[in-house]
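Q: In order, the protein sequence lines correspond to chains A and B.
Note that this note's numbering gives residue 144 to position 144 of the first sequence, counting from 1, and the numbers run on in steps of one.
Note that this note's numbering gives residue 182 to position 182 of the second sequence, counting from 1, and the numbers run on in steps of one.
Hints are supplied without guarantee of correctness; some may be wrong.
Unchecked claim - Listed below are the simulated EDC-like cross-link pairs for lysine to aspartate or glutamate, each with C-alpha atoms no more than 16 Å apart in a straight line: (1) B:195 / B:177; (2) A:45 / A:86; (3) A:172 / B:30; (4) A:121 / A:70; (5) B:69 / B:404; (6) A:172 / B:31.
If you're looking for bench data, these hints aren't it; they were derived computationally from the structure.
Given the structure is predicted, the values throughout are model-derived calculations rather than measurements.
Residues per chain are reported as follows:
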Amino acid sequence: MSRTTLTFGFGLAMALLVGWVAFPRALYTQKQQPLEFRHKTHAEKSGVAECNECHAVREDGAFAGIPSMEKCATCHSERIGESKAEAVLVDNFIKPGHETPWLVYARQPANVWFSHAIHLKRAALACTECHSTYGESDQVRAYEVNRISGYSRDIWGHSISRLRRAPHEGMKMSDCEDCHARRNVEVGCLGCHE
Amino acid sequence: MKISRRDLLVWSAGAAAGLIVTPVPWKLLDDTSIWSQNWPWIPQPVRGPIEVKQTSCTLCPKGCGMKVKMAAGWPVGVAGLGSHPISRGALCPLGFGVHQLNWHPQRLRFVRHGSQISSWNDAGAAFAKACNEGPVVVIEGYPGRAASSVLETFSQKQNGSYRVVLGSETRALEAYEAWSGVPTSSLAYDLESAKTIVSFGAPLLDGWGTPGQFTRLWAERAAGKTNPQLRLIQLEATLSRTAARAWQWTSIPVGSESGLAAGVARVLLEERLVAAHGPMPSLTLAEAAAQTGLSTEVLRDLARTIASQTPAVAIASDDNPAVAALNVVLGSVGARGGIVRRSKRTQHYISADAELPSARALLVDASVPWDFVPKTNAEVFRFAAWDGGSSKADWLLPSPGFLEETNDIPSTPTSAIETYAVSPALTKAPHEVQSAAQFLCSLDPTFTTAEKIIHSRCEELFRARIGALQAQERTPVAKFDSAQKIDEQLSKGAIWTGGPGIPGFKCVLKEWPSVNPSDSENSSTIWPAPVLPPLATKLYRESSLREASEMRNA
């Protein structure tokens with residue numbers, strides 16, 4: 001093998017290594033959520049069976065998003081366990097009346113108008129179609145944020161190449177368009193970008 | 001082993017080839033494009049509870065009804081209000097982007113004196129000094145508002161003059177004022193009752209009047225819902241959008257509208273197609289044909305078509321006495337389906353286009369379009385929310401933007417239905433602003449503020465007990481038990497509507513107005529927009545709205 005081929009191959013291998021391994025690690029930084037939260041525990045111990053019991057759609061169609069601290073306080077007004085997470089919840093948030101500054105994995109940019117009501121009621125989509133089985137998880141995962149764009153990694157999807165993604169992975173505009181195309185639903189620009 | 005320059009180049013080529021098959025270039029391209037959208041100086045809507053409020057647009061005197069989506073108290077989206085009796089859910093392209101205007105790069109943030117940043121105190125002192133030294137002329141663009149009342153009262157107190165910049169559609173009604181004595185501001189077209197509409201270049205289906213007013217009427221006619229006999233005859237040089245959708249389009253040279261109106265009137269009178277309501281034009285049919293490039297037979301056919309289905313009304317794109325005279329001949333002035341009187345009010349405005357009296361200072365309200373440049377040597381105090389040409393004023397005073405002040409919206413110009421609406425202040429300006437009326441009230445506390453005038457107008461409506469308030473449902477004013485409740489409903493976006501236009505006034509025209517072909521060439525047919533935001537500019541240009549009139553003005 002000639003020296004030229006070796007040198008070329010070395011450069012190629014270096015680039016592949018950087019591009020596929022180092023770059024994704026360098027691109028995202030991790031942030032921890034302000035509280036430990038277990039969807040599974042709430043489903044099992046509190047009997048919360050449906051997502052919309054906490055993540056409700058209001059009467060006017062607006063999505064309430066993450067439940068307010070008032071909702072949490074209905075059960076956690078006082079500590080109901082000895083865990084450190086419980087102490088943080090009650091002492092740092094519920095008693096002072098502060099809302100938890102959750103880092104929202106699926107937060108869309110400000111120029112996007114996304115209606116949960118239309119997707120849930122008119123299209124009859126299940127929550128898992130976009131949010132996977134996160135509602136059954138036993139821990140909150142770290143929030144990964146893109147250092148350049150500032151967006152959550154969930155918007156791009158976990159796969160850096162966006163190849164062989166699971167159906168719920170990725171919340172970019174192209175993902176919305178693909179889903180709409182599959183279901184033959186037409187929405188103009190102003191449907192999402194008022 | 002020695003690394004040569006060739007090795008480095010080969011290694012770089014390999015690395016470049018490798019990088020192409022990694023996500024690096026594509027991901028960086030995507031991320032940097034997003035990064036550039038989120039620079040810290042780009043305003044971002046606040047996250048918070050979403051609510052939808054009804055109000056009226058205050059960008060121009062047409063006052064279209066709109067629904068404003070507010071996020072945490074900030075307007076983030078706009079849509080037309082379907083229940084509005086005039087605009088009926090339609091908005092112009094600028095209206096759709098009105099909430100973005102508050103964040104326009106050319107938004108005025110400071111008081112400016114010449115090229116220097118100044119203060120409201122300095123501006124107030126300079127204006128007070130000017131008032132003491134001589135008369136002040138006040139110019140505004142949306143007459144009839146509560147704020148207008150403040151401006152007019154001030155000019156009277158100062159022995160000054162109050163002038164109004166009228167839109168082209170209102171100017172087209174000016175000729176009737178001289179012949180009937182009814183003020184232009186009270187005149188309107190009764191399009192809902194007309195069966196033939198003859199448009200002399202007016203872009204009726206392309207933003208003329210209130211967006212949605214005639215377009216909805218035409219769409220309903222096409223669907224056979226209302227007035228299926230309605231005809232629109234478009235007389236225009238180019239195949240504009242209106243011409244393309246009209247019942248009949250006749251191409252005429254630019255500037256020949258007056259000659260055509262005279263020719264049609266001559267045929268109407270010669271063939272006794274209408275009762276003689278007006279004088280015979282001095283222009284012969286052959287001369288009219290020569291001016292318009294149409295044959296005399298085409299002119300005769302046109303006149304017969306117009307007369308075959310009445311009421312018929314002719315609409316000019318701007319002030320055109322010959323077209324107005326044609327309406328007199330048709331007997332359409334003071335008649336249903338023609339030119340009607342909207343209200344019994346007799347307020348007469350002096351156009352700002354007339355020669356301005358000599359004055360020490362000139363106060364120009366924010367409602368005056370930037371392309372109006374007063375010919376004066378007086379010190380100009382110019383209020384504006386957006387800078388459209390600061391060199392045209394000595395003092396540039398930042399005024400409230402969209403939804404940043406309480407305004408009232410009197411009847412839409414040219415609409416036969418009398419309306420009244422209030423556009424409340426729903427959001428705060430990000431810096432210190434004052435409207436011209438607020439500025440004058442701050443200088444002289446004896447003036448009644450615009451807010452108090454709005455309240456008193458609500459009391460007038462309550463006492464008159466005429467008309468109804470259109471909100472989710474229509475409620476007659478007689479059913480309200482206090483003026484306060486009317487005030488509350490109007491502040492929530494309800495629209496008061498009075499009765500239809502009043503026909504039956506006399507219009508005397510003894511002599512056919514002189515036909516000057518160049519008159520029409522100077523017409524500006526659109527209400528000039530203040531400063532278009534980027535999105536609206538794109539929409540405006542790409543939609544080729546009003547393309548015909550812009551081509552004519554080019």
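Q: Run every hint past the structure and note whether it holds.
A: Now the hints, each set against the structure:
Restraint check for residue 195 of chain B and residue 177 of chain B: not satisfied, since their Cα atoms lie roughly 24 Å apart, outside the 16 Å limit. At most 16 Å may separate the alpha-carbon atoms for a hinted pair to count; residue 45 of chain A and residue 86 of chain A meet this at roughly 15 Å. Straight-line distance between C-alpha atoms of residue 172 of chain A and residue 30 of chain B comes to about 11 Å, which keeps the hinted pair within the 16 Å bound. For the hint linking residue 121 of chain A to residue 70 of chain A, the alpha-carbon distance of about 26 Å lies beyond 16 Å, and the restraint is violated.
At most 16 Å may separate the alpha-carbon atoms for a hinted pair to count; residue 69 of chain B and residue 404 of chain B meet this at roughly 15 Å. With a C-alpha separation of about 12 Å, the suggested pairing of residue 172 of chain A with residue 31 of chain B holds against the 16 Å cut-off.
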